[in-house]
Amino acid sequence: MIPTRRGFFQKCAGGLWAAALADRLGAEGMMPRQPHFPGKAKNIIFMFQEGGPSQLDLFDPKPGLGKYSGKPLPPEYVKFFESKLAFAQPDAGILPSPRTFKPWGQSGTEMADWIPHTAARADDICLIRSMHTDAFNHHPGQLLLFSGSMQFGRPSVGAWVTYGLGSESQDLPGFVVLASGRGTSGGVTNWTNGFLPSLYQGTVFRNSGDPILYLSNPGQLSRQTQRTTLDALKDLNERHMEETGELDIASRISSYELAFRMQTAAPGLLDFSKETAATREAYGIDEKATRSYGTNCLLARRMVERGVRFVMLAHASWDDHTELNKKLKENCDATDKPTGALLADLKQRGLLDSTLVVWCGEFGRTPMVEHRLGRDPDQGGRDHHPFAYSMWVAGGGIKGGQVVGKTDEFCMRAEEDPVHVHDLQATLLHCLGFDHTRLTYRHLGRDFRLTDIHGNVVKKMLV
Amino acid sequence: MISGIALIGLLAAAPPDFLRDVQPILVKNCTGCHGEAVQSSGLRLDRAADALKGGYSGRAIEPGDPASSKLIRMVAEGKMPPSGPKLTSGEVATLKDWIAAGAVFPTLKPAAAPKQSSHWSFQPVRRPAEPPLRNTAWSRNAIDRFVLARLEKEKIEPSPEASRAKLLRRVSLDLTGLPPTPEDVEAFLADNAAGAYERAVERLLNSPHYGEKWARHWLDLAHYADSDGYEKDSPRPYAWRYRQWVIDALNRDMGFDRFTVEQLAGDLLPNPTPDQKAAAGFYRNSLTNREGGVDTEEFRIAQVKDRASTVGTTWLGLSVGCAECHDHKFDPISQREFYSLFAFFNPLVDHDVEAPLPGEAGPWLAARPGYEASRREMFASYGGPELMAEWRTRLLKAADQPGNNDPVQFAWKYVGNLTNGLQPVLRMEESQRPREQREQLTDYFIERASDVFSKEELALRDWKSLQKEWAALTKSAPAVAMAQSVRQSFFPRPSHILMRGDFRSRGVEVQAGTPAVLPPLEGEANRLNLARWLVSRRNPLTARVTVNRLWQEYFGRGLVFTSEDFGTRGEAPSHPELLDWLSSELMDNGWRMKHIHRLIVNSAVYRQSSKVRQDLREKDPDNRLLARQARLRLPAELIRDSALAASGLLNPAIGGPGIRPPQPKGVTELSYANSVKWPESTGPDRYRRGLYIFFQRTVPYPQLMTFDSPDAVLSCSRRQRSTTPLQALNLLNDPVFLEAAQSLGVRLLRESPPSFEQRLSHAFRLCLGRDPDPAERASLERHYQKELALLESNLDEARYLYPQSDGASTPAIGGTWTVMARVLLNLDEFLHRE
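Chains as they are written, first to last, in the working numbering: chain A, 1 to 463; chain B, 464 to 1297.
Check each hint, because a few of them may be wrong.
Below, computed lysine-lysine pairings styled on DSSO-like, alpha-carbon distance capped at 27 Å [as the list claims (entries may be wrong)]:
(1) B:K542 - A:K62
(2) B:K491 - A:K459
(3) A:K460 - B:K559
(4) A:K406 - B:K542
(5) A:K406 - A:K67
(6) A:K288 - B:K1128
(7) A:K40 - A:K460
(8) A:K102 - A:K62
(9) A:K326 - A:K71
(10) A:K62 - A:K327
(11) A:K399 - B:K549
(12) A:K459 - B:K559
(13) A:K460 - B:K1128
(14) B:K1074 - A:K234
(15) A:K459 - B:K549
(16) A:K460 - B:K1249
(17) A:K234 - B:K1249
(18) B:K549 - A:K406
(19) A:K406 - B:K491
(20) B:K542 - B:K491
(21) A:K62 - B:K549
A partial selection of chain B residues facing chain A, derived with a Cβ cut-off under 8 Å [unchecked claim]:
(22) A861
(23) S968
(24) K1074
(25) P1127
(26) T1161
(27) D1171
(28) S1185
(29) Q1248
(30) K1249
(31) Y1263
(32) L1290
(33) D1291
No wet-lab data here; the hints were simulated from the structure. Backbone N, C-alpha and C fix where the C-beta goes; we use that ideal spot for every residue, glycine too.
This is chain B alone, in the form it adopts within the complex (with noise of 0.2 Å):
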């Protein structure tokens, strides 16, 4: 029975309801440190045993007397939240109404998610028996069994196989980046033997521009960068050694559990290498801020969950990163997994190796001692290393005392600043640091002794002079080429779950782990047990994450449409049974990569036609069913790099440092306070495949981001391909291109007949690897006889347009011929791959 009074009560106002009016108080305010993870002084409020139980000092709720709540006397008072926004009057008023009326909890499901998940991705990849089929013939290996019948239940007919022209672009683009030359055209034509597209598919694999083309799409992953990005956005002078490292590597065919474990947990390897410490430099991706004034700790934890947000999307498949806040919405990922993911990388440290290119080792090792003496007797005759003891001694004192405002606080910040973060170093003793950074430290002392000792203390010391004669010193040092890599760091370093992702607010202490839904770890918690258990055959997910991915640049999506989400909440995989055939085709053959690109691109389903069929706009307009290969735009980099292709421009030179091509000069006048420089290369180096051009993070090359490039932030697997009018302009205006239809006009001029006919031909088969049909060359004609007319009347303009003559042809034929091979370079056809 209810009482009136009480009735007249719950017309006037019903009181809060726990979930939808007081709960989210409690969230954002308080559970943070009194929830699930940790508990402030042992107060727990998200569940109503512990939250009616109190805290250490006692009961928080007393139900039916807010008055007497200790809740409300703090959060009415301002003393808690002890950060941040207080509570307002309307939310401390639902709290008293609440606890008024009782302080009901409902009954909330247990929040412990179940361990074992029936989702498809984390089961056991088992290798299929191939299916029955009614049309035997078509099929060229498994995967044409898997793909038609799948076709076959839904009485959809597989397209016939592209011309061969289409076919052998197609394939080239695919393997190599690059599109077939005229020669290689002809040849294939020609070759009427069985197993001719067999053989040029091995021509491709062996091509070491295989390794470009594929590098690019795992530096994608990895999101390479040659500069830290953020607002000083410092260049990374050898970051190109890890892309080097991975060309390499893929052109070896390495094996992806060696790749795997070579670039996790090269540093920790026997003997390491240099080659697999520049492997390690996959960690070094991950942006670094070294903007003034920041907490370094900030940006360094920033950086740890960045690697473990990377590793999980790489290899996993899964958006780890999203349980850094919060326990996983979808994925059986709980904050504390993430939180155990992220303690395998937070003793990492940035560390710069000497790692020597072929035939520099052995004159550098011979060189050293000397240099070596060399320094210590300049450095001891200036009185350096006494002054360098007192240094550390303030420093650390600084240290150890924060809070007074004087210059050598900031000198102890900046020491943290640099690279490879020196803190640590400085403070060893002298005889247990390593000598790399012994040398480093020394350097930076002489460099910046003035941040702690007076003008007249140094000036003393003569130490412009040593400066000066150091500067020397250090510039004859015997010459190493360096790599980034990583080390482990010289002491301990806790991990911590962060509540809300906060690196100030530190929940409970966690231990590296790998998350429960997974086969267990072997072997101790260290990073080379994690690389070697994310390769194991055990593991569900690797083998299917990669394989997947290559087939996504195949068909322009994977077998998985989301290819960096096999939780619950990507998509369903649209051929399970292939997808597991491939990733256990994968992990029966050594991990070798060109095996899986071998079967893909010798399958039917792969040299089908693209064309568009009325019959699957209905039924699969995704083609998810694979009825038909799909018209892919190219990615940014293979649109420069066809254009300089067809033009005859192209620097094929394979590895080295970044380049920086001719760009407008107001895109670098973007970067902070224009610091940002952009000394553009000169002789061969301008013609080099867009995999080279530098990336400047927070200003990058326009063409790059204009055409969908990542901005090399996150860790990224699935490009975009959009269309935009800023590319048109792009193609059509920017010098670059300009300058590639001006070569191109001219190969024509120089490598064809003079009819219009033939050089048409020639034009169309530089750039499409096919010859005009009669419309198109029609058509052609009549824009090419318009063109004709208007240069010969602005021999200006014909001139401008044929710069380089080819000592035979008029400037107003040469100015037609760059009109007509821009009219190419920008053709929709050229900008894909059919």
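The shape of chain A in the complex, shown without the other chains (with noise of 0.2 Å):
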């Protein structure tokens, strides 16, 4: 029935239940296939706003509150909210924005004043103002943005793409995650491959050290040494494959050579010189607030230009239940400007139509205030608020210089067009050419899919 393992992979065309056997098959299970139908996208770069932004202070102006200043919220709505809030009271008082707001680019999207990098690509850029969660805590959130599940255990949607398109680069790791600010909730759970084999779980490059585990020889050991190892174990192992008739030896051998070729190919992935002033400048990379954000944005790029299916950028943390005003503009600081050159470079090289680029927390925050630390307003906060939040999308498939949803007057729930956390994931694997209802894996005794049960593509969303 498997006569050889390339043969058989010849034999299922790429298909996608080939990947299902990739536990078997070892590397292999990393070559490219096709998706149920051609999607627009190739690549996704997820922009992860640890924290919960607050959509009442970037995206969604609501000039209309200044009247409600400090008073409770109406009582049908506190009703609403009972029980479901993590700290501040439901009749806490209401906190209108501090921020500006004004129409940007061609499509007039309200954008606030501190984000104007972001706003100017108001054009590329789908805003989502009536988004909406289950969990109005972080690590659930969290879990349920990533793995379509509060439950911990399921794979990360960066998994689940790699199993299904599989990997374009041949010296680099499908699913690569990079960490900016402080640690997310989430951990290792927002990028586990679950129950999927390994291979589809994200790699981590690494602000310090080496930037994958153990990428670097050991110490003073030399390339050459290293290359005398691999070409001693090669031989061996090619004996033991004929001794042994076992093929699946074949993927070891080339696990490791494709080990040697991350080893030099990383590196040369991190190396900025060829990169122009103007890029360096554009992302802010040697400027101190932006640096880190500004790298994470470059690398991102660099990575879907060598193929790198999925790039997980994870920014930490918009939780932001006190000092608001402070640690929002902190937090705007080093992430705007990356965020509006990554758009840019992107499609100025032409490759914003085949990358899907997302922004967005696990949810949003409460127009009322939260009060941690006193009464003075510059320490006030805000709670989470899963019923009514904005992200965006940009990029392959996805019609930009548009605003999808509406919330009502206090921001409490979205009025129009909700779209919940299942139909983002839904679109996104649309435009990567899934049908959501079939992307599926079997584990205990059940077919499970990222988005559950759940999940409608957003069609106002697409091109």
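Taking the hints as your guide, dock the two standalone chains into a single complex.
Printed below as a string of structure tokens:
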């Protein structure tokens, strides 16, 4: 039935179900595969804004809130909110946003003054103001966003996508994670392969030390010694394959060779010396505030150029329960400029059409104030808000320059075109060429999928 | 006859089809509260008769008249569903059209599932007769006869026995998880008397490493870890006591029946020993979320569900967790039955117990009374009891009047977030509180009084001094080891069906009970009887599921491949009679697992060569028929253990708390706010077996995860075996493995005569339990010479590779042997048990 591995793969014509056998077939599980139908996008850059950025201060202007300042929400909202808040009390006063909003680009999408670089790309961006989720705490919210379930243990969207599409890169992992700021609540569970073969788990490029765990030769061990080791290994492994007839050994051999290529390719990826001064400036590589996030944004572009399928960029944290104004400014200063630069750069290089760029948190923040440090308005923050928040998507298959959905006057609920996290997932998979109900994996006696039993493609978001 | 107008209507737009168009809307929005399990306001919308009858407030559907149908009014005005997204205008229109067209329900199949199933795994285990055979010489025991009978039917010859060297390495790794030492190999190859292999098997079964090896498989099912999981992921300092209990129980060959009862109900046994309480630490492997602001009930419920699912997978081999949100789609397990199982575990409370280690109990008991008296005196001298009474009054008031935005609310919530859930203890009168909880609560109160009282109030009582003195006093507390366990809640906790699994949507109340498709539970429905029911002779699943999992570790796949799923969606057994024979053998022999291990490893089936056979590639690519052994990649822990053993670094100590081998700093930086600490183990602890590596759920030790260890979130009955480039990087470049290569290199120089051949043979025996063949020797000699030349011209590298000189060799020779050792420790054969 399986005369040779390669022959076997050819027989499946790169079909999806071949991927299900990848745990037996080793590195070949990463060969590029066709989705269900031709997708507009081939790659994703998922810019995860951990903690829940405040949509009221960035994307969803509510000038009418001024007159309610300090007053509690009307009772019908309070009832709705009861027992679903993490910290704030439902009778807390309303905190109007001190930000100024104006329309941007030809589309005239309104965004706040603290994110001018992002806002300048308004015509590429599909802003969703009607997101909602089921979780009102960080870790469950992140699990739901990435794995479609609040339970621990399901594969992350990045793992699903690489499982579905394989990788275009022969010397880099297919799913890469880049982090800036402090760690996220979800940690590795945000990029886990769950029950999918471990081939599909996110590989973390680290801020310090080796970008990939154990990428460098230890200490003074030279490249020649590494090569001799691999040559000897290859000789003996090949002999053993002949003797035992076990073709799986070929996967082991190729995994060592890929590891060796990664040792060369990854440092090249990190070498920005060939980037122009203008590019470095645009991403803010040499400025203190933007260095970390900007480096990750530039890395993301370089990875997409090299065929990395899924780049997750995690920035923590926007969890501003206190001192909202101060912390929001810091986060905007750290992320806005590189974000705008990445969109512009991708577009200029013709990569935006085939790359989905997603910017979102696990939820948004309440219109009511939360006081933990005292009553001084500058020390106030906002609580977690799962019922109505904003995020944006740009690039492959997405219709830019538009706003989807609308919230009520208090930004408490999504009034028009509510988009659930599962709908977002279904839509992203659609852009990549997948019917989200058919991208499945059998585990514990059941076919699992990213969107669990939910999700509808949001047609309005599409080109 | 169809009138013209109706015909035009039909052509214009066919009325909505109930199954295709209407039912999905009702299911998504309505039947959670108006369906089979609950009927809010008496309304049920999933069956025609009930739907048309209406609810407590009258009719909801007027066929043909959407305008006067209350259902339409409620959804169109957004009154229903009461929370979550409303129906879209399109959905409302569909419902209107359907009612306008007469609200036709198709005749549906009756919902009630037949409770008698013909599925094979629900039938009683019967001991089958052994089959007749043509070849009567090959078999060594009954296992072989069942396997051979099938092979003869397919006209396939079994494979010859593996070489003795291979066999010893195989059985050593399988029974103890450690490769044989060169002395073991030599003794075994020299023992030409009959029964040499069987004697080796007995030696290995009696090794204390047997318990370690097989404990790891059980810990996968129990999803053991040393930390809470979720955001904070706090360490669980005494989790290891449960692991220890498992290792000891397996080494003593405790019957699987008792093994079951102690883990599931150790705390309910009469006068339970500390060990039995630690066994019930089984339950404590569920995750705990201590994130600020979580709904503690949500995650308590998640734990109960996890416990029910884990028991379902581990003992019954059924994915009962699927029935958490709806009736099981494929197996005869209803949602009600899932919550009946849930109800056994719902009254569990996490409870840490004093569990003295050997030698600790006597001195500890003697010192207790004096210590308790000192506590009472000190607390009273600061007016503690009065203040604590006031604290209790305020907290309980806050608890009963939620909604005030004040610190006392938070204080009450924090009390609930503690490990032992002190809220109910606080509700008790002081005299009723068990001693341990009483002490915990006092400690907590002294530490956190400022949650409720002002600085001034506390200063009045000189609280800071009390805290200081108290810290010193509790430090002097008579030391005793603790263990995680559980106890029954002090208050009854009714269990409800949770609609779509949502802890906020309570359906009808359910009582504890077992699935109706299985033989009935005997006696009162409590955990102790549940445990006894699981291991009763009449339970058709437990023995089958258990022997199948043992089998799986020996052949790479179970007789039932889906070892986690014996339901109708699982794979049928390849050898049903063998499975039943082994099951009855387990039960007939006091559920002793070593008996089954012995039978399997002594069988001719097990002893076959694992060489791939051309003729089987076509006929049996998955090796279901067992005409050869399997070649299996070692689990993550065993790769570490083998490298440490071969290099001579291994510390073979059994048991004890977790250890933390060196790992790059960046690993824990990925934990939440960099909060996880990883104090590297020093001294011999660095070299302990992989099973003792501290399992930190949010940032697990990389080598474990890279080699497919389960993430300890859910019960795992079958590990994956992947091949990835990250594995290559790990084995090549991780300092832990480089150190092993360096030690192995020095060992070769020290322990063998200084010829290339002899050193290489020693290396092969240490790593692979065999000698190199001439071609392997020739190839490695070539690479040896090349590397030697390289290092002779690069002495810095040579010295780096050869830091601990044997005193006789040059750095270049020493370094080259480190490189040779590194090659062997990366060989595919080294990573496999063949």
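To see whether the hints hold, each was checked on the structure:
Distance check on the hinted pair: K542 (chain B) and K62 (chain A) sit about 26 Å apart at the alpha-carbon level, within 27 Å; holds. With a CA separation close to 20 Å, the supplied pair K491 (chain B) and K459 (chain A) stays within the 27 Å bound. Proposed proximity of K460 (chain A) and K559 (chain B) is supported: the alpha carbons are some 25 Å apart, at most 27 Å. Restraint check: the Cα-Cα separation between K406 (chain A) and K542 (chain B) comes to about 20 Å, which is no more than 27 Å; the hinted pair holds.
Taking the CA atoms of K406 (chain A) and K67 (chain A), the gap is about 20 Å. The hint holds against a cut of 27 Å. Our distance criterion of 27 Å between C-alpha atoms is met by K288 (chain A) and K1128 (chain B), whose separation comes to about 23 Å. Taking the CA atoms of K40 (chain A) and K460 (chain A), the gap is about 15 Å. The hint holds against a cut of 27 Å. With a C-alpha separation of about 12 Å, the suggested pairing of K102 (chain A) with K62 (chain A) holds against the 27 Å cut-off.
Of the pairs offered as hints, the one joining K326 (chain A) and K71 (chain A) holds, with about 23 Å between alpha carbons and a cut-off of 27 Å not exceeded. A distance of roughly 21 Å separates the Cα atoms of K62 (chain A) and K327 (chain A); the hinted pair therefore holds under the 27 Å criterion. Restraint check for K399 (chain A) and K549 (chain B): the C-alpha separation of about 26 Å stays at or below 27 Å, so the hint holds. Simply put, K459 (chain A) and K559 (chain B) have alpha-carbon atoms about 24 Å apart, close enough for the 27 Å limit, and the pair holds.
Under the criterion of a C-alpha separation no larger than 27 Å, the hint pairing K460 (chain A) with K1128 (chain B) is inconsistent with the structure, at around 45 Å. Distance hint between K1074 (chain B) and K234 (chain A) is fulfilled; the C-alpha atoms sit about 20 Å from each other, no more than 27 Å. As the CA atoms of K459 (chain A) and K549 (chain B) are separated by approximately 19 Å, the hinted pair is consistent with the 27 Å bound. At roughly 64 Å between alpha-carbon atoms, K460 (chain A) and K1249 (chain B) are farther apart than 27 Å, so this suggested pair is violated.
Among the hinted pairs, K234 (chain A) with K1249 (chain B) is consistent with the structure: their alpha-carbon atoms are about 15 Å apart, no more than 27 Å. Of the pairs offered as hints, the one joining K549 (chain B) and K406 (chain A) holds, with about 14 Å between alpha carbons and a cut-off of 27 Å not exceeded. Of the pairs offered as hints, the one joining K406 (chain A) and K491 (chain B) holds, with about 23 Å between alpha carbons and a cut-off of 27 Å not exceeded. Proximity of K542 (chain B) to K491 (chain B) is assessed by CA-CA distance (about 15 Å); at most 27 Å being required, the pair is judged to hold.
Of the supplied pair hints, the one linking K62 (chain A) and K549 (chain B) holds, its CA atoms being roughly 23 Å apart against a limit of 27 Å. Of the supplied interface hints, the one on A861 (chain B) is violated, with its beta-carbon coming no nearer than about 13 Å to a beta-carbon of chain A, more than 8 Å. Evaluation of the S968 (chain B) hint against chain A yields a violated restraint, the C-beta minimum of about 12 Å exceeding 8 Å. A hinted interface residue such as K1074 (chain B) counts as satisfied when its beta carbon comes closer than 8 Å to some beta carbon of chain A; here the least separation is about 6 Å, so the hint holds.
Checking P1127 (chain B) against chain A by beta carbon gives a least distance of about 5 Å; that is within 8 Å, so the hint holds. Among the interface hints, the one on T1161 (chain B) holds; its C-beta lies about 4 Å from the nearest C-beta in chain A, closer than the 8 Å criterion. Nearest Cβ of chain A to the Cβ of D1171 (chain B): about 5 Å, under the 8 Å cut. The hint holds. Evaluation of the S1185 (chain B) hint against chain A yields a held restraint, the C-beta minimum of about 5 Å falling below 8 Å.
Below 8 Å, beta-carbon pairs count as interface contacts, and Q1248 (chain B) has none with chain A, the closest being about 10 Å; its hint is therefore violated. At its closest, the beta carbon of K1249 (chain B) sits 6 Å from a beta carbon of chain A; the interface hint therefore holds under the 8 Å criterion. Look at Y1263 (chain B): its Cβ gets to within about 4 Å of chain A, closer than 8 Å, so that hint holds up. Interface hint status for L1290 (chain B): upheld, as the beta-carbon distance to the closest one in chain A is roughly 6 Å, under 8 Å.
Interface hint at D1291 (chain B): satisfied, since its Cβ lies 5 Å from the closest Cβ of chain A, which is below the 8 Å cut-off.
Hint check: violations occur at hints 13, 16, 22, 23 and 29; the rest are consistent with the structure.
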